[in-house]
Structures are given as C-alpha cells and as structure tokens.
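*Asks:* Here the structure of chain A is known, so what remains is to put chain B in place on it, guided by the hints.
What follows is the residue order along each chain.
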Amino acid sequence: MSNEHIDEISGITTTGHEWDGIKELNNPLPRWWVITFYITVAWALAYTIAYPAWPMLSSATRGVLGFSSRNDVKNEMAAADAAKAKYVTAIQSKTVSEIAADDTLREFAVAAGGAAFKVNCVQCHGSGAQGSTGFPNLNDDDWLWGGKAEEIQQTITHGIRFAADPDTRQSEMTPFADVLKPEQIAQVSAYVASLSGPVQDKSLIEPGAMVFADNCAACHGENGKGNRDLGAPNLTDAIWLHGSGEAAIAAQVRAPKNGVMPAWVGRLGETTVKELAVYVHSLGGGE
Amino acid sequence: MLDQSQVERLEAEAVNSAKTRQPLYAARKKIFPKRASGRFRQFKWLVMAITLGIYYLTPWLRWDRGPFAPDQAVLVDLANRRFYFFFIEIWPQEFYYVAGLLMMAGVGLFLITSTVGRAWCGYTCPQTVWVDLFLVVERAIEGDRNARMKLDAAPWSARKLFLRVSKHAIWLVIAVATGGAWIFYFADAPKLLGEVITGTAAPIAYATIAVLTGTTYVLGGLMREQVCTYMCPWPRIQAAMLDENSLTVTYNDWRGEPRSRHAKKASTAGQSVGDCVDCNACVAVCPMGIDIRDGQQLECITCALCIDACDSVMDKLGRERGLISYATLADYNANMALATSGGTGPVNPALVRTPSGSFADGLAHFHLGKIFRLRTYIYLGVWSAIGLVLVYSLLTRERLELNVLHDRNPQFVTLSDGSIRNGYTVKLLNMIPEPRTVEITLHGLDGGEMSIVGIDQPASRSFSIPVEPDRLKTLKVFVRQPADQIRKPAQSFEFRIDDTAGSETAEYTATFNAPENSR
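Line by line, the protein sequences are chains A and B. Sequence positions in the first sequence follow the working numbering and run 1 to 287. Sequence positions in the second sequence follow the working numbering and run 1 to 519.
Rather than coming from a laboratory, the hints here were simulated on the basis of the structure. Misleading hints may appear alongside valid ones.
[Unchecked claim] Okay, derived cross-link-like pairs now, BS3-like style, lysine-lysine, Cα gap no bigger than 25 Å in a straight line:
no., chain 1, residue 1, chain 2, residue 2
1, A, Lys86, B, Lys473
2, A, Lys84, B, Lys476
3, A, Lys118, B, Lys19
4, A, Lys84, B, Lys473
5, A, Lys74, A, Lys86
6, A, Lys148, B, Lys476
7, A, Lys148, A, Lys94
8, A, Lys94, B, Lys476
9, A, Lys181, A, Lys257
10, A, Lys118, A, Lys74
These numbers were taken from a predicted model, which means no experiment stands behind them.
For reference, chain A alone in the conformation it holds in the complex (with noise of 0.2 Å):
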C-alpha cells in the first residue's frame, strides 16, 4: 500500500517490480479471461478426479467414473458381434448353398470370407486369389476337387494330403522316373500336351498315347480329363497348375509335385469356414 507508485506516462499503477528502471505496469487481465482461466482449472481438476490420472506407485487413479479404454475396445467388439450376431447365426444354420442363394446373407458372408481370406490364405493363392505355379487360381473354372461350395468347404475344412486330419482329401502321383524310360516320357509327355495345344514332334504323339494308356489314364481317365474324386488334374484344358507345355509335364512325370493345404476348421472355426466358401464360390468360377 505503501508503496504504490503510479506511472507518470500513462497513469496506472506500477506492480512495483523494476527492472533497470523499467517498471511493470499493473493492467489487470480481462475478466472474461480470468474467469475463462479458472473454469479451466476447475475442469482440470474435476477431469483428474472422473478420469485416470495421478500416477501412483503400481498404476494411476482410476477415477470414479470408472472409465478404461480397454473397456471401450471390449464393448465396441461386444457391440460389434451383437451387430454381426443376426447374420451369424443364420450362417450357422444354413449350407453354403443356401447362404450362396440368398442375397443379403451372401453379401455378409463374401465381405466377411474376404476378410478372412486377405488374413489367412493370401500367402498361398495371392492377394487376388490368382495363385502361381504350384498354388491353384481360385478364380478360374477349373477345379482339381470340385468347385461347388460344399465341395470347397470340405477342402477348406479338412485341407489336402494334410496328414493332421484323417479326413483330408487324400491321393499321390506316382514318381515316373525309375517306371518309365526316359523315350516314353518323352512320348507321354507330347501326348498330354497335344491334348490341349501343338506340339512340336507329331511322331511322339502316337506311342505316348499307348504310354498314357497304361499308366496314366487310371487316374486321370482314358480321355485326360481328370477324375475329381482323387485330385487327378484334367490334363485336356488350358490350366497347368505345374506349368505348361512338354517339358513342365515331363518334370511332372519325373518327380511329381503334390500340393498340401492345411485343414483350417480348427484355427478359424466352422463359421468362418462356410464365409471363405462363399466368398471363393463368388469369385467367378463356381459351379
């Protein structure tokens, strides 16, 4: 009080701090500010009481509205599958043709079997569900086990020659080299080739047939055309699982390649099983 000094310029009181004989000027802050800046402090507070705050030495306060944000993720899930729920079940029991048929149910399933698809069977059959060499294009017509969406369930379900379930779908090919000379692969090999497509030497084509006659057409059918019941490929079209033209079917014959796909029944659990049925049945070469 005593003190109180008034700045001669301008007429307002001095707070009395002086630095190098400049003082500070004591011009109150506007009250809407001050007013603004204690209602903040007071939410602040109120804020670290309702939510976690204060570290404490094991955890921090939990705060009395008891919120935690795996709370949070657990419900939005919870809310999630309830959403999910309605289509779910009837997934569950309906086939895969019925659900095929039916178009809301199979607009569910194709999002959901792709979902599923891009997680667990990308690394094998490609982002597309194109395959390569060795792992078969999902897209086109041509099916070693079938390609209605029974038949494809029952493949994702139990796998191929995986030796784990006892209900995959089970066949080898015999290894030709040490049963054949290498003249009649060569034959049979011009043979198989000329079923689909020209082939360079015509003269192989006649005792190659006589070759395939007796060894091959057991499996895959005096035609060529595959017998589905074993996995035998129809060695007639334009598809080559193992490459095409003579010398990838001789390597074939030689020392057959037989392709495993794991069972997935246990890992991803029946439902989502009939969802990657429907969705490999709509990409364009189901049956």
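*Replies:* What follows is chain B alone, placed relative to chain A:
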C-alpha cells in the same frame, strides 16, 4: 422557417466519436437505440418479415415427390445423403451446384456492396434481423430509449426484476424457436416436432437446439453490436469493396455545417449556419451507437435509421430531406468542394444554395446511372454467367448413371477352355424417386458375354436389371471372351444402360485385359 422548438434535443453521445476516439479494446458502453420511423424503417420491417418468414416457415412447405421420396419441399437428408429443394434433388456427387451457389453468393456480395454498400449488413444479415427482433421485445417491455436508460440506472426493484425477467424469458423463447426451426431442415418437420415435444427425438436434435438457442440469445440479445464491431470479418471485407461510386449512408456536411443548436440566434448575428441543428436524433436511433456525422466508419452497418431520424427532423424544420442520405463518395466530394470553394475554407452553406434558399445548380445529385459502371456490369455478368451455367447443367443433367470399376487383382483369369474372363464392379445410379428397369448391354468386344453374380441366367450380351427408386445398385459382372476372338492385350468396349420405359441412357468405356501371349 427555423422553428427549432418542435425538435426534441436528445442527450445522446456516440460510443466512439471522432472527438473521443478510443482504442478498440475498451469497456462496452451500453447502447439504447431509440425507435425510428420512416421509409427505411418500413423497409426494414418488411425485410425482417420476409427473412424470418422464410427461415421459420420453409421446413413446413410440402412438395409431392411420389411415394418413394420425402414430401418436404426443402430437406437436407444427411442420413440418406440427399438434398431436396422443391423440384430439384441433389446427390452428394452433385454438390457442385452448392459450390456454384456459393460462388454466386460471393459475386452477388461484390455486386451489392459495390453498388449499394453494406446493404447485407444493414438489412438482411441474421445478426441485424435478430437484434432488431430482440429490440422490438425490449422496447415493448421496457419502453423506448429514455425509459430503458432510466430503468438501467435505477436500483434493483421488484418492477425492474419483473421487466428484466420477462424480457430475457421472451428472448429465450425466440432463441429456442430459432434453434428449433433449424433442425426441421434436416428431417421431416411435422414428425420431428412431435418427437421433440415427446422427448423421443435424437440427442443431436436437442444438442443443436441448445447450441443455436445459446448463440441466438447471446449474440442477438446480449452482445448485439459487439458482434459486428469485434467479431465479424465481413465489415473489413466489405469495406475493401467499396469505391467512390458506391452508395453509403453519408452525413452531408456541405449543407449541415456549421451545425448550431441556436441557429436563429446565430443567423441573426450574421454567422453562417448549416442545416444540422445538432439534435442528436441520428445518434440516438443508431443501433451501433455511433455518430454518422463523423463520416464513414467501420462500425456503420448502413441500416439507414439515422436517415429516417434526420428526415423527420428536417420535415419539422421545413427543410429538404437528405441531410443524412445515401450518397456516393464522388458526389459528396464534389459537393464538399463546392461548399468549401475547393477546400480553401470552412464549409459555407451559402455556397451550395441560391439566394432564394434552394440548392445551387452545380450540386451533384444521385441518380441510378452512377452506381452502374463497368465494375458492376462485370460482377453482374459473372454472376449471371454462373447462374446460367448452373441452370443449364441442372436442366440437362443425367438422372441415370453408370460407373464401372475394372477388377485389378487379378486383371484377367484364364478359363479351362482358354477363354479370358475379366471382372467388373458396375454401379447403376437411378437418380429419380421411381423404380426403373434398365437394360445393360455390351457394345464391342467380339464374342464377349456377361454373367452377373446373383442373377441366375445364362451368359448373354444383355441383361434386364430392376433398380430401386433413388438408389445405387452395385453389380458384380464377369465378362468372358473366347480365346480365338481376342485381338490384343487391352481392348476397349462399352457398357451401356438404357431405361426400358424411358429414353435415358448412359455409357461407360471399359477395358478388357488379356495375357500378352494370347493370340
């Protein structure tokens, strides 16, 4: 002729006059605008009735669009992403119409401001209209300027409390109605009103009402002129668009000065006197609380109420109206030059009048031709051009559209017979509120055939597809071409859709991919 006894002299002081120019940051001085009457006041009542009428009533207008679309004339249907305006329906991708309207509003603002000044501020700005409305309530309850000033200065009493509570209560009712009207633009108004009253409307509806009630009450009732002076960027922008040929509310000092409260005495004493009797009527009516006689200033919203106030004083004094008037700066400057002999002396009213008392011939008078100049013609031209383009595109726009997305992974699939298949996601847009059947056909691509997922029909070059009213239909289409018909790795062809009942068609040029080595 100079009977000043009829003129009430008001003790009105401008909140920020030229003499006591204060910094922008200063405590607010309360303003108690006096009721004005006259032509501009009449015009403002009319504008207020029209603008408030449009705002409150529009959502209740009905417009029959048939059974598949809402019957509200103006509706922003955010949930379904549709905007309805009478006979026009806009989909989100047609939002450029709104962009066009905003451009027209912008150029329209240039046009209006460069001709008649800040007319937007003075007459149609919601802030101005609602403040006017709130002032009507205030005057009805607390009385006109003097009564309100007295009430404000009086200590708290039962009467003062009653008047204040009534005033704020009515303001709040208006504010709630304002916030309430807004939400009706976004949903079916009668249904929503029922829901709001029974408490079953969406929380966002109540939140919107609450926010707009708050802003209306605070901005229109409590803050008033401070919004225009301190918060609004508009005055700064508008002021930059004025030039010497734009109309502004002008105090004509060339006939008003020297102002005198004792004109008779002064003139008998041989002093020169102007028309201004310094009655302060212009200051008392000003809702911004300024003195227009200080010249153009940022605070002036050109509501022209000071013109009305001054005109009625001039009428009483038997002088020409227009001491305060809409005038251009060019005219004002010319007349000032005349009154001051080219700026060589103080204003001498004798120089602008003939000895008989009428105005001198050399005076510049306003006529419409002055505000129509190259600049305004350019604005008008641009404004009309945008408008015409919008109308043209609205009249010729497509109501049936086709979008095609080519599958990119895989780009093509070789089938067992060697033929090549490509996949497409085809979107059919039926943009009218009626169900339609469209025929989708392939054009080009020799031997190509389509099959559509979910449609159990053999492959063909043409399919009939029903599309729901006002909806987008997505189809998964597979196109297949035999190996021997493939000409090159990328072939162009067209998807085409035709409305089977009408004449509308749409086409989309797509690409068909095939492996490099196929033929």
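*Asks:* Determine for every hint whether it applies to the structure shown.
*Replies:* Now for the hints, and whether the structure bears them out:
1. Only pairs whose Cα atoms come within 25 Å are accepted, and A/Lys86 paired with B/Lys473 is accepted, the gap being roughly 23 Å.
2. For the hint pairing A/Lys84 with B/Lys476, the CA-to-CA distance comes to about 23 Å; that is within 25 Å, so the pair holds.
3. Note on A/Lys118 and B/Lys19: the hinted pairing is violated, with a Cα-Cα distance of about 77 Å set against a maximum of 25 Å.
4. The hinted pair formed by A/Lys84 and B/Lys473 meets the criterion: a straight-line CA distance of about 23 Å does not exceed 25 Å.
5. A threshold of 25 Å between alpha carbons decides the hint, and for A/Lys74 with A/Lys86 the separation of about 19 Å falls inside it, so the pair holds.
6. For the given pair, A/Lys148 sits about 19 Å from B/Lys476 by alpha-carbon distance, which is consistent with the 25 Å threshold.
7. Taken as a hint, the A/Lys148 and A/Lys94 pair is honoured in the structure, with Cα atoms around 15 Å apart against an allowance of 25 Å.
8. Simply put, A/Lys94 and B/Lys476 have alpha-carbon atoms about 24 Å apart, close enough for the 25 Å limit, and the pair holds.
9. At most 25 Å may separate the alpha-carbon atoms for a hinted pair to count; A/Lys181 and A/Lys257 meet this at roughly 19 Å.
10. The straight-line distance between the Cα atoms of A/Lys118 and A/Lys74 is roughly 24 Å, inside the 25 Å bound, and the hint therefore holds.
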